[in-house]
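**Q** Sequence:
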Amino acid sequence: MSSVAARGGDMVTTEAYDGSEADYPRYLLDRIVEIADPDSLVFFIPNFEEDPWNNQPVTDYGPHALPFRSYEGAGNIWDRPPTIKGSVLRYHMNGVDEAVDCADDDLFSMGADGTAPNEPAFSLIIAAKFNNVINSELITRFDGTNLAEKCEFRLDSVLGGELRFRIYDNNSTNYIGRIYNTALVENIWYIIIATYNGNRSQEGIRFFINGVRVDDTNSSGGAYTAMHNRGVVTSVGYLENGGGALTNFLDGDWYGALCTARQLSDGGVAEGAMAADGSDVLKMTQCYRRLLGI
Numbered sequence: 001m002s003s004v005a006a007r008g009g010d011m012v013t014t015e016a017y018d019g020s021e022a023d024y025p026r027y028l029l030d031r032i033v034e035i036a037d038p039d040s041l042v043f044f045i046p047n048f049e050e051d052p053w054n055n056q057p058v059t060d061y062g063p064h065a066l067p068f069r070s071y072e073g074a075g076n077i078w079d080r081p082p083t084i085k086g087s088v089l090r091y092h093m094n095g096v097d098e099a100v101d102c103a104d105d106d107l108f109s110m111g112a113d114g115t116a117p118n119e120p121a122f123s124l125i126i127a128a129k130f131n132n133v134i135n136s137e138l139i140t141r142f143d144g145t146n147l148a149e150k151c152e153f154r155l156d157s158v159l160g161g162e163l164r165f166r167i168y169d170n171n172s173t174n175y176i177g178r179i180y181n182t183a184l185v186e187n188i189w190y191i192i193i194a195t196y197n198g199n200r201s202q203e204g205i206r207f208f209i210n211g212v213r214v215d216d217t218n219s220s221g222g223a224y225t226a227m228h229n230r231g232v233v234t235s236v237g238y239l240e241n242g243g244g245a246l247t248n249f250l251d252g253d254w255y256g257a258l259c260t261a262r263q264l265s266d267g268g269v270a271e272g273a274m275a276a277d278g279s280d281v282l283k284m285t286q287c288y289r290r291l292l293g294i
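Numbering of the sequence shown is given in the working numbering, commencing with residue 1 and proceeding in unit increments.
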């Protein structure tokens with residue numbers, strides 16, 4: 001049986017009523033929570049819904065999940081409602097007007113206050129499949145509305161389809177970051193994990209695709225001191241630009257976005273050695289793969 005403590009003291013368990021092991025997907029979801037560290041887990045979008053057509057979430061993982069709202073296009077109807085992939089619910093985004101976000105919560109800023117002593121370590125995880133890899137936001141706390149910038153971090157793909165992870169110092173010109181200087185490929189699943197050790201340097205940033213470290217180029221600018229806690233939503237699949245418009249909509253599918261307030265460990269081995277490696281990055285990748293059936 002797997003059992004982990006959740007925020008608020010509740011327990012998440014995989015024990016069935018008869019004492020046997022419960023369903024395999026639930027076990028893997030518990031493992032994801034366990035690897036991320038339930039005491040540090042600050043974001044876990046619900047992956048099961050009572051009614052996928054109108055986005056009614058089940059609170060099965062309520063202690064880990066914060067309420068999120070969806071942008072479901074014209075008439076608040078999904079172009080294509082969430083469907084099951086493998087053992088989990090996946091979201092289909094149309095690249096035009098569909099995304100989700102969560103209202104501002106200090107948990108997402110993980111104790112950051114703009115001072116070096118309180119710089120947080122954290123990790124972001126998401127599984128995504130792109131129909132279009134150009135300029136797509138994945139997990140973002142960045143709001144440039146009317147130049148009143150509120151910038152914390154962005155995990156996104158850029159103009160050439162390359163994956164990027166940046167952490168900001170209160171504005172869009174001071175940041176540290178890394179980039180994977182190879183365009184992503186459309187219509188295949190990526191399990192993306194971005195980690196930061198809190199050292200206020202681009203050298204402390206790493207990200208991984210399917211368990212393999214891929215960041216190979218610095219993407220830093222300005223004089224970075226520390227990340228600030230700003231009043232900004234956490235968005236999955238869009239960016240709010242300087243004019244207040246929603247943009248950079250994700251065109252594709254995603255599953256299981258989460259954030260944990262620590263750096264996940266990295267075994268530094270090739271994908272083929274995942275089973276023998278004990279790192280958090282590769283264990284997390286294995287769980288996502290099995291849930292998605294890839």
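It is possible that part of the hints are untrue.
What follows is a list of derived Cβ distance ranges for each label pair [unchecked claim]:
(1) Ile84 - Val212: 25 to 35 Å
(2) Asp216 - Asn76: 13 to 23 Å
(3) Asp216 - Ala116: 23 to 33 Å
(4) Ala245 - Asn187: 36 to 46 Å
Derived SDA-like pairs: lysine to any residue, alpha-carbon spacing no greater than 25 Å straight-line [claimed, not checked]:
(5) Lys85 - Asp280
(6) Lys283 - Arg213
(7) Lys283 - Tyr24
(8) Lys85 - Asp113
(9) Lys283 - His228
(10) Lys85 - Gly95
(11) Lys85 - Asp104
(12) Lys85 - Asp106
(13) Lys85 - Pro117
(14) Lys85 - Tyr71
(15) Lys283 - Tyr71
(16) Lys85 - Asn132
(17) Lys85 - Asp105
(18) Lys283 - Gly86
(19) Lys85 - Asp251
(20) Lys283 - Ser265
(21) Lys283 - Pro38
(22) Lys283 - Arg164
(23) Lys283 - Val185
(24) Lys283 - Asn170
(25) Lys283 - Ala121
(26) Lys85 - Gly267
(27) Lys283 - Glu34
(28) Lys283 - Asn210
(29) Lys85 - Asp216
(30) Lys283 - Tyr27
(31) Lys85 - Cys102
(32) Lys85 - Pro25
(33) Lys85 - Glu186
(34) Lys85 - Asn210
(35) Lys283 - Tyr224
(36) Lys85 - Arg290
(37) Lys283 - Ser70
(38) Lys85 - Leu107
(39) Lys85 - Gln263
(40) Lys283 - Ile294
Just so you know, these hints were derived from the structure itself, not from any lab.
Don't be surprised by glycine CBs; every beta carbon is placed ideally from N, CA and C.
**Q** Checking against the hints above, which ones are violated?
**A** 2, 4, 8, 9, 11, 12, 13, 15, 17, 24, 26, 29, 35, 37, 38, 39
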